[in-house]
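Protein chains in written order, with my numbering: chain A, 1 to 396; chain B, 1001 to 1268.
Bear in mind the hints are in silico, worked out from the structure with no lab data behind them.
Treat the hints with care, as some may be off.
[As the list claims (entries may be wrong)] Just a sample of chain A residues kept apart from chain B, beta carbon distances all over 10 Å, derived:
hint: 1; residue: 19
hint: 2; residue: 25
hint: 3; residue: 48
hint: 4; residue: 137
hint: 5; residue: 380
hint: 6; residue: 392
[Said to hold, decoys possible] With the Cβ distance kept under 7 Å, some of the chain B side facing chain A (calculated, not the full set):
hint: 7; residue: 1106
hint: 8; residue: 1128
hint: 9; residue: 1132
hint: 10; residue: 1161
hint: 11; residue: 1263
hint: 12; residue: 1267
[Claimed, not checked] Listed below are the simulated DSS-like cross-link pairs for lysine-lysine, each with C-alpha atoms no more than 30 Å apart in a straight line:
hint: 13; chain 1: B; residue 1: 1202; chain 2: A; residue 2: 275
hint: 14; chain 1: A; residue 1: 275; chain 2: B; residue 2: 1146
hint: 15; chain 1: B; residue 1: 1019; chain 2: B; residue 2: 1155
The beta carbon of each residue, even a glycine, is placed where N, CA and C say it ideally should be.
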Amino acid sequence: MTESTPEQRGVDRDWSGIRRAANFRPVEWLAEKMIQGVSFTAIAGVFLIFLFVGKEALPVFLGQTDSRLIQPIIPSSEVAKVKPEVLRQYLGLSVRDFAAMDQDTLKELMQVREEGAKDIPEYARSDPDSGVNGSGWRYLIAPHQWSGNEHPEYIWQPVGNIQKFNIIPLFLGSLKTTLIGLFFAVPLALAAALYVSQLAPVRVKEWVKPGIEMLAGIPSVVVGAFALLVLATWLQSIFHYQVRLNAFVAGIALGFAVIPLVFSIAEDALTSVPKSYVQAALAVGASRWQAARDIVLPAAIPGVFAAVVLGFGRAIGETMIVLIVCSAPVMSWNLFDSARSITTTIAAEMGELVPGSPHYRILFMLGTVLFAVTFLTNLIGDVVINRLKRRLEGKR
Amino acid sequence: MAAPTSIPATNPPSSSEFKPLLETQNLELFYGASRALKGITMGIRENLVTAFIGPSGCGKSTFLRCFNRMNDLIDGVRIVGECRVGGEDIYARDVDVIELRKRVGMVFQRSNPFPKSIFENIAYGLRLHGIRATSEIEGIVEQSLKGAAIWDEVKDRLHQSALGLSGGQQQRLCIARAIAIRPQVLLMDEPASALDPIATGKVEDLIVELKKDFTIVIVTHNMQQATRISDYTAFFYLGELVEYDLTTRIFTNPAKKKTEDYVTGRFG
């Protein structure tokens, strides 16, 4: 038998073929670059949005906004004497717009200001609060005893002669509705996830899982309308509280939006726990339920925690449900009083504002703070999740 | 055909003198429509090691799992025939599976410690069975870990995660976990197949040691392992029990051609 040479067997002895240039795959290269581009665009998008929102809100953070009812007036006759920079700031113009205007236009703008000041009715002018800048930090956060109040109070009343911008009732509103929503949704969603992933027969699982996940497809306006028309009445007839539309109803309705999200992620986490753990537990004499509770749930804790963090983000960011169900910015810890969340405030008020006005900037400030809150929550959540994971894997 | 002399094919020759602890009569198991076990009749003696051998897919693991009803977990499994442990029909309607599994422990092919501390891995089963006193739990944990020949390696790190142990240590921990609840029978499904030779040796020594206190049934692919540790060996092929006899006889002088072909490595 003659031996065949490697060449005869089709062996390529030319090792230069391993160089990349010899195997250039343009389509793969392009696809990779495109995916890379898209992912970086997403990061850039988040960054740019934050930059835009932060820029609009910056004057509030720096204390440069002025929402006093009675503002100092520079008479239009002095248009030529005032320093240009002072005039520009007085009229609230950008450098470019200011540069483009001639003196007559500026004078006209000053006259508008004068006339606007004249239009303020006498009773408002004589209000002791007419000189208070409600958009200052002190008034944004601390309670203030406005004229007519008996005690210092937290008031969000951004329209009217005297604008009151205390943001605490809004944070309280967000906190109340979000926490009620989570307290309602998380136990239900986790119980359902545990049942579906560990205990349910296949037949039941095939119906329940898509059913719950279908809830996520219901637009929040519909959930809100349902809560407004049906849920509110039901809950009132059960709990007999005074105000029909309140933070409690809004929270429960929020819960409906949160359940599918928490369920879906928690169910995935529970299902991905190795079946061998369950078998081991059963082999030492655990019931299905004991194995699920004692072994599977602790093993899936990082994923379950991630589900809750995401649920929190969804609840605090949800706008429409709370907007429909209740919207009075009441400063009250009572769950059965009305509430107005931060997002609701932004959605309801942003549409009718003069860009650049103190109210407008304060809404952006609220957006920035909300972003910071969710960002921090996610960050802390991430750290905690990693810790839990490391502990489970036996690395410290 | 059904003459009494044909008994040795399915029962050890000494069967007339012993009362088996585990026994099956015409046990059939179906996965949906396919018949995985075809009428198996055998008895397994107390305080001995019995090995199940046979090529992959022959049903030996499935058969093993019948004895603690682990097959219940699989959808579409149906069992016909009798399966008795200690004389009780374990598939009777009024059987408490949990009590059964307490008496028939199991060690799996892949070590599967809980993602908890070494101590908790063993304490969990004890608590399930109503042992609450800390001192008692601590005592049993130590005793079980010593019984599984792993105590010296882990005694200083009892409260660290079991997942930080090596594969061989994990498997011995699983054995400790199984023996901690004092079962009478220990089912082992290829307990050393994922271990290196040194860890395998340790597990094998342990099995020989454990047979003083437990009845051990072990599924193995490794025929040397079967000869080293088992007293009886059953050879399965395509869902049937081909031959069941003293290990020495199965490996030196099998009655069936099929068995001889398999143990000499002619197929498998």
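Against the structure, the hints come out as follows:
No Cβ of chain B comes within 10 Å of the Cβ of residue 19 of chain A; the nearest lies about 39 Å off, and the non-interface call holds. Every Cβ of chain B is farther than 10 Å from the Cβ of residue 25 of chain A; the closest lies at roughly 38 Å, confirming the non-interface assignment. Even its closest Cβ contact with chain B, about 42 Å, leaves residue 48 of chain A beyond 10 Å, as expected for a residue assigned away from the interface. In this structure residue 137 of chain A is separated from chain B by more than 10 Å, as the shortest Cβ-Cβ distance comes to about 48 Å.
Distance check for residue 380 of chain A against chain B: the nearest CB is about 23 Å away, which clears 10 Å, and the non-interface claim stands. With a least CB separation of 5 Å from chain B, residue 392 of chain A falls inside the 10 Å interface cut-off, contrary to its annotation. Because the smallest distance between the Cβ of residue 1106 of chain B and any Cβ of chain A comes to about 4 Å, under 7 Å, the interface hint for this residue holds. The closest approach between the C-beta of residue 1128 of chain B and any C-beta of chain A is roughly 5 Å, which is under the 7 Å cut-off, so the hint is satisfied.
The beta carbon of residue 1132 of chain B comes no nearer than 15 Å to any beta carbon in chain A, farther than 7 Å, and the hint placing it at the interface is violated. For the restraint placing residue 1161 of chain B at the interface with chain A, the shortest Cβ-Cβ distance is roughly 3 Å, inside the 7 Å limit, so the hint holds. Annotation: interface hint on residue 1263 of chain B violated; nearest CB of chain A at approximately 30 Å, more than 7 Å. Evaluation of the residue 1267 of chain B hint against chain A yields a violated restraint, the C-beta minimum of about 30 Å exceeding 7 Å.
The straight-line distance between the Cα atoms of residue 1202 of chain B and residue 275 of chain A is roughly 27 Å, inside the 30 Å bound, and the hint therefore holds. Taken as a hint, the residue 275 of chain A and residue 1146 of chain B pair is honoured in the structure, with Cα atoms around 28 Å apart against an allowance of 30 Å. A distance of roughly 40 Å separates the Cα atoms of residue 1019 of chain B and residue 1155 of chain B; the hinted pair therefore is violated under the 30 Å criterion.
Violated hints for the displayed structure, listed by number in ascending order: 6, 9, 11, 12 and 15.
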